[in-house]
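Novice: Chain residues, written in single-letter form:
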Amino acid sequence: AQSVTQLGSHVSVSEGALVLLRCNYSSSVPPYLFWYVQYPNQGLQLLLKYTTGATLVKGINGFEAEFKKSETSFHLTKPSAHMSDAAEYFCAVSPLKGTYKYIFGTGTRLKVLA
Amino acid sequence: EPEVTQTPSHQVTQMGQEVILRCVPISNHLYFYWYRQILGQKVEFLVSFYNNEISEKSEIFDDQFSVERPDGSNFTLKIRSTKLEDSAMYFCASSPRTNTYEQYFGPGTRLTVT
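Read top to bottom, the protein sequences are chains A and B. If you're matching positions, the first sequence starts at 9 in this note's numbering and goes up one per residue. If you're matching positions, the second sequence starts at 1418 in this note's numbering and goes up one per residue.
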């Protein structure tokens, strides 16, 4: 069965430091991959997605992620954290085979320290 | 920018009562979804809906659950007889078509069953 693993339920970084949020998936066929962000009391907002083509994808707010098929990973990065990046981040996959549902990871809560 | 809306933002109900959670998807979207997130757990797929019928449902979506698109704008999730374990955040999502696999999420309804 498809699964998504996000290592680290809580990550703290200093303002201006690199943000790295990890996501690994299990799938025999590379799925479509997504990162969503959830700010307090808000819905899930799409940060970026990988479907086909270039494996390094850029999203909103300076985030990017790289699809690595050999590592079955889709880690999210941002060179310099900002206080406004504090939120919960979810990695999700769409398995593709006859289904459009998303399978989500457990989420990573990012804290940015002043 | 168009967005998915959900009402109410918070619903408190007693065990055994029926609840209806409402969603207004983005107007030109064709595919509709419900997900739920129990506190501290991952976001889980419940059901997808297309062309006025369920296209896929999870094991969670048993006979206590039903969905409906009663008019051209609303998409509802009904829980017939709520249980304590139904307490969760319920997210509605919509998608314009299948080939983008991008789903737009609403802000969620927090359901508390007492």
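Note that these hints are calculated values from the structure, not bench results. One should not assume that every hint holds.
Calculated pairs, DSS-like style, for lysine-lysine (alpha carbon to alpha carbon, straight line, at most 30 Å) [unchecked claim]: (1) A:K66 / B:K1495; (2) B:K1459 / A:K119; (3) B:K1474 / B:K1495.
Novice: If a hint holds in the structure, say so; if it doesn't, say that too.
Specialist: Hints, one by one, checked against the model:
1. A:K66 / B:K1495: Since the Cα atoms of K66 of chain A and K1495 of chain B sit roughly 38 Å apart, the hinted pair is violated (cutoff 30 Å).
2. B:K1459 / A:K119: holds (19 Å)
3. B:K1474 / B:K1495: Judged against 30 Å, a Cα distance of about 14 Å means the pair holds.
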